[in-house]
Every structure is written in structure tokens, then in C-alpha cells.
Amino acid sequence: MSKTAEQTPTEEMEHPVSPYLRMDRIPHIWCPTCGIGTVVRCYADALEHTGVDLDKLVIVSGIGCTGRVAGYMKLDAFHTTHGRAIPFATGLKLGRSELLVTVFSGDGDLVGIGGNHFIHAARRNIDMLVILVNNFIYGMTGGQNAPTTPTTARTSTMPFGNFERPFNLPHLAESCGATYVARWTSLHVRRLTKSFREAIDRKGFRFVEVISPCATLYARLNKLGTGFNLMRFYHDNAVIDHNADTRDLDINFQDKIICGKFVDKERPTYSEMMHEHYRKTLGDKFVPTPEEGGMIRDTEEKPVSKGKKPAKSRKSKASVSKSGKK
Amino acid sequence: MWLNAVKYWRKPLDFDELTIPHGVVHIIVDRCKGCGFCVEYCPKDVLEMSEEFNAKGYHPPKVVKEGECVNCNLCEMICPEFAIFSTNASDNGSGTQSK
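Protein sequences, first through last, are from chains A and B. Its first residue numbered 1, the first sequence is counted upward by one per residue in this note's numbering. Its first residue numbered 1001, the second sequence is counted upward by one per residue in this note's numbering.
Derived from the structure by calculation, the hints contain no laboratory data. Because the structure is a prediction, the values reported are computed rather than measured. Think of the CB as a built atom: it goes at the ideal place given N, C-alpha and C, for glycine as much as any other residue. It is possible that some hints are incorrect.
What the hints assert, rightly or not - The calculated lysine-lysine pairs, modelled on BS3-like cross-linking and capped at a C-alpha distance of 27 angstroms, are:
{"no.": "1", "chain 1": "A", "residue 1": "194", "chain 2": "B", "residue 2": "1044"}
{"no.": "2", "chain 1": "A", "residue 1": "223", "chain 2": "B", "residue 2": "1056"}
{"no.": "3", "chain 1": "A", "residue 1": "74", "chain 2": "A", "residue 2": "56"}
Stated by the list, open to error - A partial selection of chain B residues facing chain A, derived with a Cβ cut-off under 7 angstroms:
{"no.": "4", "residue": "1014"}
{"no.": "5", "residue": "1026"}
{"no.": "6", "residue": "1031"}
{"no.": "7", "residue": "1035"}
{"no.": "8", "residue": "1036"}
{"no.": "9", "residue": "1039"}
{"no.": "10", "residue": "1044"}
{"no.": "11", "residue": "1064"}
{"no.": "12", "residue": "1080"}
{"no.": "13", "residue": "1082"}
{"no.": "14", "residue": "1085"}
Stated by the list, open to error - Pairwise CB distance ranges (calculated):
{"no.": "15", "chain 1": "B", "residue 1": "1048", "chain 2": "A", "residue 2": "22", "range": "41 to 51 angstroms"}
{"no.": "16", "chain 1": "A", "residue 1": "175", "chain 2": "B", "residue 2": "1013", "range": "47 to 57 angstroms"}
{"no.": "17", "chain 1": "A", "residue 1": "243", "chain 2": "B", "residue 2": "1070", "range": "26 to 36 angstroms"}
{"no.": "18", "chain 1": "A", "residue 1": "48", "chain 2": "B", "residue 2": "1019", "range": "39 to 49 angstroms"}
{"no.": "19", "chain 1": "B", "residue 1": "1045", "chain 2": "A", "residue 2": "53", "range": "33 to 43 angstroms"}
{"no.": "20", "chain 1": "B", "residue 1": "1044", "chain 2": "A", "residue 2": "201", "range": "27 to 37 angstroms"}
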């Protein structure tokens, strides 16, 4: 950064998104014309405009191109094992109910490897925002067939074209019980930002699918040009229909993509149901997790002083080992 | 009804008070990967791909219509590399850094 700042006067100014990113890791590894960077910019803009407390915000990612978002955003971020972003986020939400938990991952990670977790998190209506960047393919591992690859599209494991039926993700999410379901492409930057803003304010399992171009694998294997051509394709073929039935939202190969906000309803979340149920059955014996966060025992003074000691010993051990190595 | 409304459409009451915003485009040249999204989707066609190369060997965009930018921020939102942004021309300089 400091080197570029010296070269030209316009580069002295910081990009407006830089407070939300770990700028020492930028430029990122995503390919030219990949759409994930756009989605990250829209998410950062939504955070800026909703005024969320960034100390109470957690972002959880799985593995994959989109899984790297957790590493690039300057938030409390967790980069988990493949497909297990949602179970990790579930535990986080149950343990620290005051946090706003966002799961930011790809299609292969969330509905391929971790498909079962996705279904059950939506069924239980766990209070989390799931942003799924759908590029129709396993990008990072070399273009394998994903559960979202449209029929007849070529992938590296289906060189003669895919013959499987892909997932219709908004329908899957709605039928499992999600409270907010939307789909946009990475071209719809304003609507996507608005959708993120709405979803941040809602409760329950919120699901936003973002169709994003994959230039290096999906477009190349299917001879569709680059991500630039895919963006033009979205421009010509994306249809906005907020009242569409989610059963009709299948994406066929190079066919129209129906976008919009399909579901926006209220349902009691997992924590609310749990608290209500235990209050009924256990009565006074039930001690709920405090809303302001943390476990009740942590607020007492004694464990804090205990917690400091091992930290010191850890430091001293580390210094010893370092000096020993030298 | 609707056609009449188009035919005899009136000027907004605060028409004289409205001003078109002016923006200044800032391009972080060495971060660009030359995807061309900003050039394609700029509503005022302010940008164009340049002939020159940046440090990575891509062609970054350049501003060809200075002063036509309306500070809509579309290039900033659509750029996947966080390499372009626009600021309001009137408060150009250090004041925009904190945003």
C-alpha cells in the first residue's frame, strides 16, 4: 500500500471499503471477472448502512473460493472445514445468542458437502444469515460437477455434459422453513445490497443466493467467454419477479434466471422455541442464556482472574521455546 | 389518463434547487485485473480501457470524460477488485478519506 501511495496522488486515498477488509491481504486471489469481490463489496456496504455493531458480528465460511471471504473481511471470522460452516455457526449462535452470525460460502460447500446441515438449520430456523455465492461449479478444486450445475452444462467431471437435475435453492430453503429467501446475480449490486440490509434486520434463517460468474472454469469449460460475457448474459436474461412461486425457479443451462425476494415471513426461531418450551416444562428451574451474551458463570469475578494466569504461562512458555530455538 | 400525464408532464416543484452531483473517479491502477465491468456499466461512459499496462500486466481503465461523472458509485460497487471508487467533487481531498 505504501509503495503504491507514493507513485500517484490519486492512490493516497483509501478505498471506502477498506475499513471492512484486511487490506494487507488485498489483492485477493479471485480470478479476473469473478463476481465474489462484488458480493463482498455489497455486503460491506450493507453493513455500513445498517450500522451494525461490528464487535457483535461474526462471519463464518467453509472451504472454496467464496470460503476465502472470511479471511479477507476485517471482522471476527471463522474459516471452517469443508461444508461445516452452518453447524459451526449454529454452535456459535447457541452459545452466544447476542451475535449476528453470517455464513458466507459457496454452493458446493453449503448445499453439496454440507447439504444436510443446510436443510436442518433451515428446518430448525436457527437465527443466521446465509449468503450463498452460486457459480454452478466447484471452482477451487478444478471444476467438478456441483449440485447446482445446470443440466447439459459441461464440467471437468462431466465432459459430455451434466445429466443430473440441479438443486432449486430458493425452493429448497423455503420448503425447509427459511424466513427470508432472495436470489440476485452479482450484476444487481443495488438490489443485492438492499436485500442484505433487509436480511440483516430480520430474524430466523435468512437465505440470499447470489449467482456469480466463474470465468476460469464454468465459462471456459462451456465456451461462454469470460465473466464479462456472463455479466452481459445476466443483464439480458435476469428476470425480476418478487411474487414468483419458488417451485418455478429452476435454472436451466443458459436460460433465464428469475431473481427477486421470494419469501419474507416470521416464524419463531430455534432459541425462542427452546426457551418457551423449557420455561413451560421446567418452570423456575430453567436458567436461559442471558440476552446480552456470554455464559452466566463468566460474569463472576473469580474465573476472570483464573483465566489470566494460564495466558501468562502460555506467553512465558512461548518465549522460552522461541529463545530455545534461537 | 396515463398518456395525458406523459404529454403534459410538469416540472418538479424543486427543479431549480436540484443540482446534478459531480464526482471524481479514483482508480487504484495496480490493483486492477482488467475485467472491464466499470467501463461496461458506467451510465455516463466516463471510462475506457487504456492501452497501458499496470504492474500485473492488465489494462486498467482510464477516465476519458473528465467532469461527466455523477458520483453514482456504480463502478465502486461492481468492481470485484476494490480498485475504483468515486468521491464527491465538491469535498474532494482529505475529507472523504474517513468515509
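Hints and how they fare:
| no. | hint | in the structure |
| --- | --- | --- |
| 1 | A:194 / B:1044 | holds (23 angstroms) |
| 2 | A:223 / B:1056 | holds (25 angstroms) |
| 3 | A:74 / A:56 | holds (13 angstroms) |
| 4 | 1014 | violated (24 angstroms) |
| 5 | 1026 | holds (5 angstroms) |
| 6 | 1031 | holds (5 angstroms) |
| 7 | 1035 | holds (4 angstroms) |
| 8 | 1036 | holds (6 angstroms) |
| 9 | 1039 | violated (10 angstroms) |
| 10 | 1044 | violated (17 angstroms) |
| 11 | 1064 | violated (16 angstroms) |
| 12 | 1080 | holds (3 angstroms) |
| 13 | 1082 | holds (5 angstroms) |
| 14 | 1085 | holds (5 angstroms) |
| 15 | B:1048 / A:22: 41 to 51 angstroms | violated (32 angstroms) |
| 16 | A:175 / B:1013: 47 to 57 angstroms | holds (49 angstroms) |
| 17 | A:243 / B:1070: 26 to 36 angstroms | holds (33 angstroms) |
| 18 | A:48 / B:1019: 39 to 49 angstroms | violated (25 angstroms) |
| 19 | B:1045 / A:53: 33 to 43 angstroms | holds (40 angstroms) |
| 20 | B:1044 / A:201: 27 to 37 angstroms | holds (33 angstroms) |
In summary, the numbered hints that this structure violates are 4, 9, 10, 11, 15 and 18.
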